[in-house]
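Work the whole structure out from these sequences, hints included.
In case you want the letters, here they are:
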Amino acid sequence: MRSLNNISLGQFIPGDSLIHRLDPRCKIVCTFMLLAGLFMASEPLDFVLWCALPCLFSRLSGTSMTTILKTGRPVVFLVAVTVFINLLWTPGHEILRIGPLRVTWEGITVAVGMGLRLFFLVIFAAMLMMTTSPMDFSAGLERLMSPIGRLGLPTSEMAMMMTIALRFIPTLFEETDRILKAQISRGADFDSGGLIRRARSFVPVLVPLFVLVFLRAENLATAMESRCYSPGAPRTRLHPLRWAARDSVAVICLFSFIAAVVALDRLVLGGVRPFR
Amino acid sequence: MQGVTYSYQGATAPAVTGVDLEVNPGEWLALVGANGSGKSTLAKICNALQIPTQGVCRVMGLDSSDPANTGEIRRNVALVFQNPEDQIVASIVEEDVAFGPENLGLPSGEIQIRVDRALELTGLLEYRGRGSSSLSGGQKQRLALAGALAMSPCALVLDESTSMLDPEGRESFLGCIGELNAQGMTIVQITHRMEEAVRAGRIAVMERGRVVWDGAPELFFGGEYLRWGFEEPLEFALHRELLARGILPGATLPVAEDMLRSLCL
Numbered sequence: 001m002r003s004l005n006n007i008s009l010g011q012f013i014p015g016d017s018l019i020h021r022l023d024p025r026c027k028i029v030c031t032f033m034l035l036a037g038l039f040m041a042s043e044p045l046d047f048v049l050w051c052a053l054p055c056l057f058s059r060l061s062g063t064s065m066t067t068i069l070k071t072g073r074p075v076v077f078l079v080a081v082t083v084f085i086n087l088l089w090t091p092g093h094e095i096l097r098i099g100p101l102r103v104t105w106e107g108i109t110v111a112v113g114m115g116l117r118l119f120f121l122v123i124f125a126a127m128l129m130m131t132t133s134p135m136d137f138s139a140g141l142e143r144l145m146s147p148i149g150r151l152g153l154p155t156s157e158m159a160m161m162m163t164i165a166l167r168f169i170p171t172l173f174e175e176t177d178r179i180l181k182a183q184i185s186r187g188a189d190f191d192s193g194g195l196i197r198r199a200r201s202f203v204p205v206l207v208p209l210f211v212l213v214f215l216r217a218e219n220l221a222t223a224m225e226s227r228c229y230s231p232g233a234p235r236t237r238l239h240p241l242r243w244a245a246r247d248s249v250a251v252i253c254l255f256s257f258i259a260a261v262v263a264l265d266r267l268v269l270g271g272v273r274p275f276r
Numbered sequence: 001m002q003g004v005t006y007s008y009q010g011a012t013a014p015a016v017t018g019v020d021l022e023v024n025p026g027e028w029l030a031l032v033g034a035n036g037s038g039k040s041t042l043a044k045i046c047n048a049l050q051i052p053t054q055g056v057c058r059v060m061g062l063d064s065s066d067p068a069n070t071g072e073i074r075r076n077v078a079l080v081f082q083n084p085e086d087q088i089v090a091s092i093v094e095e096d097v098a099f100g101p102e103n104l105g106l107p108s109g110e111i112q113i114r115v116d117r118a119l120e121l122t123g124l125l126e127y128r129g130r131g132s133s134s135l136s137g138g139q140k141q142r143l144a145l146a147g148a149l150a151m152s153p154c155a156l157v158l159d160e161s162t163s164m165l166d167p168e169g170r171e172s173f174l175g176c177i178g179e180l181n182a183q184g185m186t187i188v189q190i191t192h193r194m195e196e197a198v199r200a201g202r203i204a205v206m207e208r209g210r211v212v213w214d215g216a217p218e219l220f221f222g223g224e225y226l227r228w229g230f231e232e233p234l235e236f237a238l239h240r241e242l243l244a245r246g247i248l249p250g251a252t253l254p255v256a257e258d259m260l261r262s263l264c265l
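Chains A and B supply the protein sequences, listed in that same order. Here the first sequence stands for residues 1 to 276, where the numbers follow the numbering used here. Here the second sequence stands for residues 1 to 265, where the numbers follow the numbering used here.
Just so you know, these hints were derived from the structure itself, not from any lab. Backbone N, C-alpha and C define an ideal beta-carbon position, used for all residues, glycine too. Some hints could be false.
FRET-style restraints, in silico, Cβ to Cβ [unchecked claim]: (1) B:72 with A:243: 32 to 38 Å; (2) A:174 with B:11: 30 to 36 Å; (3) B:12 with A:215: 21 to 27 Å; (4) A:66 with B:136: 23 to 29 Å; (5) A:158 with B:235: 50 to 56 Å; (6) A:125 with B:12: 47 to 53 Å; (7) B:12 with A:192: 46 to 52 Å; (8) A:66 with B:257: 48 to 54 Å; (9) A:60 with B:125: 27 to 33 Å; (10) A:174 with B:183: 55 to 61 Å.
Negatives, chain B to chain A, calculated, CB over 10 Å [as the list claims (entries may be wrong)]: (11) 12; (12) 22; (13) 166; (14) 185; (15) 218; (16) 231.
What follows is the structure, given as structure tokens:
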């Protein structure tokens, strides 16, 4: 069984690169722009252009392409299912028939488009999390959500919950790995049998994991309280957020890139549109 | 603490019963006792995490049952728990140390000074930008200690804080505590280990929620600890034997270095 410790989902990689130094609000806004732009893409060429972004990000953040691509690993199954469903259930011009299953040209293009969108979605979100510490992320998110906070929504509590959730991702993977190994050492088998049997075999892992999560949550709440944390109370920051000129430049550059890709898509390649 | 009793909701018996205990400023008190004797509950009462159901707990003259005093008590009495994983909030070392001062609403310059000082005291200055999950067990516990020290407390309560450390990590952690105590910080250390309790200036034994013995370590290690059912570490047996043979002067503590010196001289 593969170890869970090397899964890098949502993990922050400390560094001092240009991307690391950007204001978290800038990075959050840029990520949302990327996600919106991604869903406006409809041409194969668009996705080729989108590929430039992880490469540029890798160069500017000092993160290897392998690390970036690895973040997509946990969603490979989801992408595969999406591709499979779109491939076989999209009506259009039939190009292949295997029994009751029909593959259409439209199905292929929609499936590839959806798969790439999902994959890029995870990669772009991971790019944000890899270069933004959970504390910075929650501070940025809290500041961006402050207009909603004025309506009475507990934005600071929501941001703190997110910080803790992100902080505990590596710990939970470690604990899951430990429980898995403990169960394997006692004869549990997670690798053989059909889907249902395999799913059932995970029950002895999930039960102690849930117990552990609740215990951890209670202990952490006590520890936070002992360090004077009070939900909703105003807090200061070690590094207060400061929007610098480079943040404005980053937002403008990315907006220009997305606008250029969308314009190319709509005005130049508008007639083809296979990746709807 | 005067007549402090605390009962958990739904429990058949109180966790702590009629405890009278006074800890003086600058003192190092070791609180020893079996599992379930009420030591951790007492630690939480010191930090106003639990409010006594009966009796009074005063920290620097502030009554812990008054909600207006809770913040001040928690600022002055910092708590370090057993498992460092349960008390590290942030992913980056310096951000975690800053968590407490941030909650106090201090300006960023003051937070920076406190973080630097706490990291220096715990020997973690070079790890400040590192991910907290990449630290070793001993370093994580020192990070938890740094987080507590950044509150600039007058007293430190250690709730079995060394139980998950290896001998080297434990020695380094206790060395740090010793230095803090030498600088005047009050220490309340909850422990099962007699070789740790020996460093304290005073020892209190808890049994079934009560403080059943309270006194000087010389008296405790003179044989009292055997009465309360504590296992005798090897160096204690050696200490007893050396005392019996007159090699060691009377009323000494079973400190390995002292015994070695007496044997070699």
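Range agreement (Cβ of residue 125 of chain B with Cβ of residue 60 of chain A, hint 27 to 33 Å): Cβ of residue 60 of chain A to Cβ of residue 125 of chain B: about 29 Å, so the range 27 to 33 Å holds.
Distance restraint evaluation - residue 72 of chain B, residue 243 of chain A, Cβ atoms, bounds 32 to 38 Å: About 36 Å separates the Cβ atoms of residue 72 of chain B and residue 243 of chain A, which means 32 to 38 Å holds.
55 to 61 Å as the expected CB spacing between residue 183 of chain B and residue 174 of chain A, which holds or is violated: 36 Å, violated
Whether the CB-CB distance between residue 158 of chain A and residue 235 of chain B falls inside 50 to 56 Å: 53 Å, holds
Status of residue 231 of chain B, Cβ more than 10 Å from any chain A Cβ: The assertion about residue 231 of chain B holds, with a minimum of 28 Å to chain A.
Range hint 30 to 36 Å (beta carbons of residue 174 of chain A and residue 11 of chain B) holds or violated: About 33 Å separates the Cβ atoms of residue 174 of chain A and residue 11 of chain B, which means 30 to 36 Å holds.
Given as non-interface: residue 185 of chain B, partner chain A, CB spacing beyond 10 Å: Label holds. Min Cβ-Cβ 17 Å, cutoff 10 Å.
Check on residue 218 of chain B being off the interface with chain A, judged by Cβ distance over 10 Å: At about 33 Å from chain A, residue 218 of chain B clears the 10 Å cut-off, so the statement holds.
Exclusion check [residue 22 of chain B not at the chain A interface, CB over 10 Å]: 22 Å, holds
Interface-negative label, residue 166 of chain B against chain A, beta-carbon threshold 10 Å: 18 Å, holds
Range hint compliance [Cβ, residue 12 of chain B to residue 215 of chain A, 21 to 27 Å]: Holds, at about 22 Å.
Status of the stated non-contact between residue 12 of chain B and chain A (beta carbon gap over 10 Å): Nearest chain A Cβ is 21 Å from residue 12 of chain B, so the label holds.
In this structure, only the earlier hint numbered 10 is contradicted, and the remaining ones agree with it.
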